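Enquirer: Each chain is listed here by its residues.
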Amino acid sequence: DQQVKQNSPSLSVQEGRISILNCDYTNSMFDYFLWYKKYPAEGPTFLISISSIKDKNEDGRFTVFLNKSAKHLSLHIVPSQPGDSAVYFCAAPDYTDKLIFGTGTRLQVFP
Amino acid sequence: DAGVTQSPTHLIKTRGQQVTLRCSPKSGHDTVSWYQQALGQGPQFIFQYYEEEERQRGNFPDRFSGHQFPNYSSELNVNALLLGDSALYLCASSLASTSAQETQYFGPGTRLLVL
Numbered sequence: 006d007q008q009v010k011q012n013s014p015s016l017s018v019q020e021g022r023i024s025i026l027n028c029d030y031t032n033s034m035f036d037y038f039l040w041y042k043k044y045p046a047e048g049p050t051f052l053i054s055i056s057s058i059k060d061k062n063e064d065g066r067f068t069v070f071l072n073k074s075a076k077h078l079s080l081h082i083v084p085s086q087p088g089d090s091a092v093y094f095c096a097a098p099d100y101t102d103k104l105i106f107g108t109g110t111r112l113q114v115f116p
Numbered sequence: 203d204a205g206v207t208q209s210p211t212h213l214i215k216t217r218g219q220q221v222t223l224r225c226s227p228k229s230g231h232d233t234v235s236w237y238q239q240a241l242g243q244g245p246q247f248i249f250q251y252y253e254e255e256e257r258q259r260g261n262f263p264d265r266f267s268g269h270q271f272p273n274y275s276s277e278l279n280v281n282a283l284l285l286g287d288s289a290l291y292l293c294a295s296s297l298a299s300t301s302a303q304e305t306q307y308f309g310p311g312t313r314l315l316v317l
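Line by line, the protein sequences give chains A and B. The first sequence runs 6 to 116 under the numbering used here. The second sequence runs 203 to 317 under the numbering used here.
Because the hints were derived from the structure by calculation, they are not lab data. There could be a bad hint or two in this list.
What the hints assert, rightly or not - Subject to a maximum C-alpha distance of 25 Å in a straight line, what follows is the list of computed DMTMM-like cross-link-like pairs (lysine to aspartate or glutamate):
no. : chain 1 : residue 1 : chain 2 : residue 2
1   : A       : 10        : B       : 287
2   : A       : 103       : B       : 304
3   : A       : 42        : B       : 304
4   : A       : 76        : A       : 36
5   : A       : 73        : B       : 304
6   : A       : 103       : B       : 277
7   : A       : 103       : B       : 287
8   : A       : 76        : B       : 304
9   : A       : 103       : B       : 255
10  : A       : 59        : B       : 304
11  : A       : 42        : B       : 232
12  : A       : 42        : B       : 287
13  : A       : 103       : B       : 254
14  : A       : 103       : B       : 256
15  : B       : 215       : A       : 47
16  : A       : 73        : A       : 36
17  : A       : 103       : B       : 264
Nothing here was measured: the structure is a model prediction, and the numbers come from that model.
Isolated chain B, as found in the complex:
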């Protein structure tokens, strides 16, 4: 049983460019959350998708957008990249019917470097 997978593992972009990160949830999971982990910081919640809709959003600008597909996989898009967007982007999946936070599984992340 594959866990949460993310692609690509690493990415280098320049300021002003756009980037798309991808996430496949753990088998059986229907909810995907995205987090940004800057260097020396803990993960910060970006948003959560369920039933192909954004269900919750953290304190991130509209440059950050997402999508969830019918197979529950998800994309995170960031437009007009800034140097400060350099971070590890983590995807986590869970089952909506299970509210316990312990059942949220994280992927290995995509490390984005903006030059």
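Only chain A is shown next, with the shape it has when bound in the complex:
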């Protein structure tokens, strides 16, 4: 069973526009969520996180929104830049603190 789902395997956005990456989860016990970015031939790097006591967390061009009732979170990147082209994973620690990852969304930002 996939507890963290990213239903869009890929997304293509023009430079300067907004990128919105979505993530759904099924486990209502999850109370903390993270987004990672992964370039080819590199390991995932932490991008931004959000606690379930918040509905929004912002860091520069990156904002994560959490809708607990819908079990849905989204990552907004504004404005998108070509260097943002990467695979983005959302993840949540389970009750043993193991990270559960989604399947990832490949973002391509074109000029």
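For this one, chain A is given, so just place chain B on it according to the hints.
Expert: Then chain B, alone, in the frame of chain A:
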């Protein structure tokens, strides 16, 4: 300051063989976790080592085993390789005293192909 390093970068094995992957954690880190990322999937937790002992384990068979050395480096061993073991194997290091997941740093991975 070197980050997390893994060796080898790529590896080709045949079914039934055994493989050992290596990981050196980021300087100052004492905990190592291993993940398997199959094609088109997200990383899946295999196990975590701290103080040279396996502290947690994901849903992987006993063919997957590991070791942590006194210098905190770690090995992942997979016996009796199956075609389905073909994946990118990621190592991540962290400091046990820091529980925040953000402080986990990933290496570039070892890509294993089983023929």
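Enquirer: Please go over all the hints and tell whether each is borne out by the structure.
Expert: Hints, one by one, checked against the model:
Annotation: proposed proximity of residue 10 of chain A to residue 287 of chain B holds, straight-line Cα distance about 22 Å (limit 25 Å). Between residue 103 of chain A and residue 304 of chain B the alpha-carbon distance is near 13 Å, which keeps this suggested pair within the 25 Å criterion. A hinted pair counts as satisfied when its Cα atoms are at most 25 Å apart, and residue 42 of chain A with residue 304 of chain B qualifies at roughly 12 Å. Annotation: proposed proximity of residue 76 of chain A to residue 36 of chain A holds, straight-line Cα distance about 11 Å (limit 25 Å).
About 21 Å separates the Cα atoms of residue 73 of chain A and residue 304 of chain B, which keeps this hinted pair within 25 Å; it holds. Distance check on the hinted pair: residue 103 of chain A and residue 277 of chain B sit about 19 Å apart at the alpha-carbon level, within 25 Å; holds. Under the criterion of a C-alpha separation no larger than 25 Å, the hint pairing residue 103 of chain A with residue 287 of chain B is consistent with the structure, at around 21 Å. A distance of roughly 21 Å separates the Cα atoms of residue 76 of chain A and residue 304 of chain B; the hinted pair therefore holds under the 25 Å criterion.
Taking the CA atoms of residue 103 of chain A and residue 255 of chain B, the gap is about 16 Å. The hint holds against a cut of 25 Å. Of the pairs offered as hints, the one joining residue 59 of chain A and residue 304 of chain B holds, with about 17 Å between alpha carbons and a cut-off of 25 Å not exceeded. A hinted pair counts as satisfied when its Cα atoms are at most 25 Å apart, and residue 42 of chain A with residue 232 of chain B qualifies at roughly 24 Å. Distance hint between residue 42 of chain A and residue 287 of chain B is fulfilled; the C-alpha atoms sit about 24 Å from each other, no more than 25 Å.
Using a Cα cut-off of 25 Å, the hinted pair residue 103 of chain A and residue 254 of chain B holds, with the two alpha carbons roughly 18 Å apart. At roughly 13 Å between alpha-carbon atoms, residue 103 of chain A and residue 256 of chain B fall within 25 Å of each other, so this suggested pair holds. Distance check on the hinted pair: residue 215 of chain B and residue 47 of chain A sit about 22 Å apart at the alpha-carbon level, within 25 Å; holds. Pair hint residue 73 of chain A plus residue 36 of chain A holds up; C-alpha atoms about 9 Å apart against a cutoff of 25 Å.
In summary, the hint linking residue 103 of chain A to residue 264 of chain B is supported, as the alpha carbons are separated by about 19 Å, within the 25 Å threshold.
Going down the numbered hints, you'll see the structure goes against none, and every one checks out.
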